[in-house]
Amino acid sequence: MEKNPALLALTSSALLLPAYQGVRADAPPEFVELGMRYSKYEEDDTKGSKTFGGNSQRFDIDAAQFHLLAPVADNWAVAVDVQWEDMSGASPWFVGQSIDGDPKVIMSGASIEDTRTEVSVTTRYYYDRGNAGLNYVHSDEDDYESNAIALDGSFNSADGMTTYSAAISTSRDDIDPTQGAVPTNTLHDNKDISSAWVGVSQIISKNAIVRFGLAYTYRDGFLTDPYKLRDRRPDERKEWAVSGGYRQYFMWPDGALHADYRYFDDDWGVASHTVNLAWHQNLGRSTQVIPFLRYYSQGEADFFANIADTEKRYYADDYRLSSFGAITAGLRVRYEIGNWAISAVGERYETDESWGVFSGDESPALLNYWRYSFGLDYVFR
Amino acid sequence: MSLSHSHYDHRFKAMGGPCRLRLDCADATIAKRAIAAAEAEVVRLERKYSRYLPDSLTSAINRAAGSAHAVPIDAETAGLLGFAQTLWEQSGGLFDLTAGILRRAWDFRSGKLPAQSTIDGLLPLIGWDRVQWDQNVILLPEPGMEIDFGGCVKEYASDSAAAVLASHGIERGLVDLAGDMAAVGVGCAAEPWSVGIRNPRDSATAIAQFGLAGGGLASSGDYERCMLVDGRRYGHILNSTTGWPVQGLAAVSISAPQCLVAGGSATIAMLKPEAEALTWLRELGLPWFAVDSAMGCHGELHSR
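Just so you know, the sequences run in chain order C and Z.
The first sequence begins at 36 in our numbering and counts up one residue at a time.
The second sequence begins at 960 in our numbering and counts up one residue at a time.
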């Protein structure tokens, strides 16, 4: 229905006043928040029919996360996130050809054990019409070290209906592959990653928001997988992504639909579509149940082949550069009681070459996994 | 498992009338903190904009009238002036922020009509289009000229106090500043507040009931201040061009997402002649309810 011009004029001039400018959205946190989360990630074993040498165990990751958010002044807040990960298992080493011509995966024999520690510190400043954050992340594991710094900011329009956001980040990663299990492609190397992002979100009605984003990432340095036998990649990668999202709240049944889409393209020939659908259902005031579904389809890199041709300039048999489709289905539940919030997530990820919209040969190393997570948050108020 | 929500009802006096904050909350500490902050917000706006308080911004602006010194204003004040400008435009000049001085001529307790010469002496001081203002300063051009935010500050304060309640995590609350209301309602779990609309000829009874789940409800009526002279009713809603009471509707209530928009729309409807006002209300697209001078009821407030 077209709005009456008088009502439109009154509403748009009223909305310029500070009381209507989404004070909540850009207000700094009032209380200290503390959270802990435990997650388990379990890859299915690679089936015996797809490997040389029977069923092969793949990766398991146990992760513990700690989160602290604290107001430090009227307009400042600091967040500290620490994550510990314990990884074990084997990963695909290379893909070989069986006697009957089928590609079969050869796993890295010995079990890989590694631990990763990541510390992230964010300071955020809140101003009248938005906020700006500065973030530093340090990640360390046996064979890898990364330092990243990011700056982001958002700005709301005078009527509070539009939010413009932008972010830039840069990181330096050092790679020192663990020697012993398999021969490695380098002894020591590094790579630099720079990225920029711009986005806009628009409130289109009392119950609906749309958003658009544009991202560019530039990777430079040693981009080859250090452990894979047949892997040699360009030392530069340029990536673009466009994304859009829509959120709609429904009075009945007191729930919201979140629908998001992302298109990715790069100069290695990899392109992908990602569709995310989630339903946020409120049950009373304290419980939220969120079933979600993600569809991902990727087209293979120009230099990908199941049986990599090492005579070429670049080659890789890494399933992550192959064509495939993947579906993730999961459920998230959040329950608040007093100052406590309990949350749990379970999700299943499955891949198949035939689910994708891009053509290509199916990699025998495609994986399926389960992920569970359990979290506890407390607000000191 | 569900938490029991206690009901809190806090009454205080501000902006020249009875004020009430009602809310449901499971935690007494949060409820008390929210109530204190919302009341402080109402008091802040009263201190800033009341024309009765000598140290208010309004008093400072009025004192500087006719001088060469423009008064600096902040974004909030510029926003209110902008809203007043829109009311002036949308009402075809019937709403005028500078028309408040007519109350010097009209004493509704006296039971006597003012002399036309008194009114004529005030009319040259009225004229919103002559006020010089921008986002940073305001200057009233004539000595004796005044502005009066009475027509929109109470409604704005209702919305602002409701936003304060919401920012404290209150999911169901109602701010009622002498009939100008703003409700906080998060999700459909928040049951609407049942609010009564006063009978314009009998202030003790309700003429209609309305369920307010969120947003605002504002009412305007000649029952607030009026007098009968020789069997004719003179209400306090004055035409800024003639200086005489408008012979229009007896009362209007409007619901809108913001109490400020509801109040501004109700004021415009009250300033228009009766038939024109009813047409304007029908076309507005907001839930409304009006009582005409013959006590006939019009419109219907639908629960949103």
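What the hints contain is simulated information worked out from the structure, not anything from laboratory work.
Mixed in with the good hints, there may be bad ones.
What the hints assert, rightly or not - Some chain Z residues well away from chain C (every beta-carbon gap over 10 Å; in silico):
(1) Arg-981
(2) Ala-985
(3) Lys-991
(4) Ala-995
(5) Arg-1010
(6) Asp-1014
(7) Leu-1046
(8) Arg-1063
(9) Ile-1166
(10) Gln-1168
(11) Pro-1216
(12) Gln-1217
(13) Trp-1239
(14) Leu-1245
(15) Leu-1260
As the list claims (entries may be wrong) - Here are a few chain C residues that face chain Z, going by a calculated C-beta distance under 10 Å:
(16) Glu-65
(17) Val-67
(18) Gly-70
(19) Gly-165
(20) Ala-216
(21) Asn-220
(22) Asp-412
The beta carbon of each residue, even a glycine, is placed where N, CA and C say it ideally should be.
Each hint, compared with the structure:
Chain C leaves Z/Arg-981 outside its interface by the beta-carbon criterion, the shortest separation being 17 Å against a cut-off of 10 Å. Separation of Z/Ala-985 from chain C is inadequate, the least Cβ-Cβ distance of about 8 Å not exceeding the 10 Å criterion. With a minimum CB-CB distance of about 12 Å to chain C, Z/Lys-991 clears the 10 Å threshold, and the non-interface call stands. With a least beta-carbon separation of about 14 Å from chain C, Z/Ala-995 lies farther than 10 Å from that chain, consistent with its non-interface assignment.
No Cβ of chain C approaches the Cβ of Z/Arg-1010 within 10 Å, the least distance being about 19 Å, so the stated non-interface status holds. The claim that Z/Asp-1014 is not at the interface with chain C holds, since no C-beta of that chain comes within 10 Å of its own (minimum 21 Å). With a closest Cβ-Cβ approach of about 7 Å to chain C, Z/Leu-1046 is found to fall inside the 10 Å limit, against its non-interface label. The non-interface label for Z/Arg-1063 is consistent with chain C: the shortest C-beta to C-beta separation is roughly 29 Å, beyond 10 Å.
At the 10 Å boundary, the C-beta of Z/Ile-1166 stays outside the reach of chain C, the nearest C-beta of that chain being 24 Å off. Every Cβ of chain C is farther than 10 Å from the Cβ of Z/Gln-1168; the closest lies at roughly 21 Å, confirming the non-interface assignment. Chain C draws Z/Pro-1216 into its interface by the beta-carbon criterion, the shortest separation being 7 Å against a cut-off of 10 Å. Consistency note on Z/Gln-1217: stated as away from chain C, yet its beta-carbon is not over 10 Å from all of that chain's, at 5 Å minimum.
At the 10 Å boundary, the C-beta of Z/Trp-1239 falls inside the reach of chain C, the nearest C-beta of that chain being 7 Å off. Its beta-carbon lying about 6 Å from the closest one in chain C, Z/Leu-1245 breaks the requirement of being farther than 10 Å from that chain. Against chain C, the non-interface label of Z/Leu-1260 holds: every CB pair exceeds 10 Å, the least being about 16 Å. For C/Glu-65, the suggested interface contact is upheld, since its CB lies about 8 Å from the closest CB of chain Z, less than 10 Å.
Violation of the interface hint for C/Val-67 is found here, the shortest Cβ-Cβ separation to chain Z being roughly 15 Å, above the 10 Å cut-off. Checking C/Gly-70 against chain Z by beta carbon gives a least distance of about 18 Å; that is not within 10 Å, so the hint is violated. Taking 10 Å as the C-beta contact cut-off toward chain Z, the hint placing C/Gly-165 at the interface is violated, the least distance being around 15 Å. Residue-level restraint check for C/Ala-216 is violated (minimum Cβ-Cβ distance to chain Z is 51 Å; threshold 10 Å).
With a least beta-carbon distance of about 54 Å to chain Z, the hint placing C/Asn-220 at the interface is violated under the 10 Å criterion. With 10 Å as the threshold, the beta carbon of C/Asp-412 stays out of range of chain Z, its nearest partner Cβ sitting at about 15 Å, so the hint is violated.
Against the hints set out earlier in the document, violations occur for numbers 2, 7, 11, 12, 13, 14, 17, 18, 19, 20, 21, 22.
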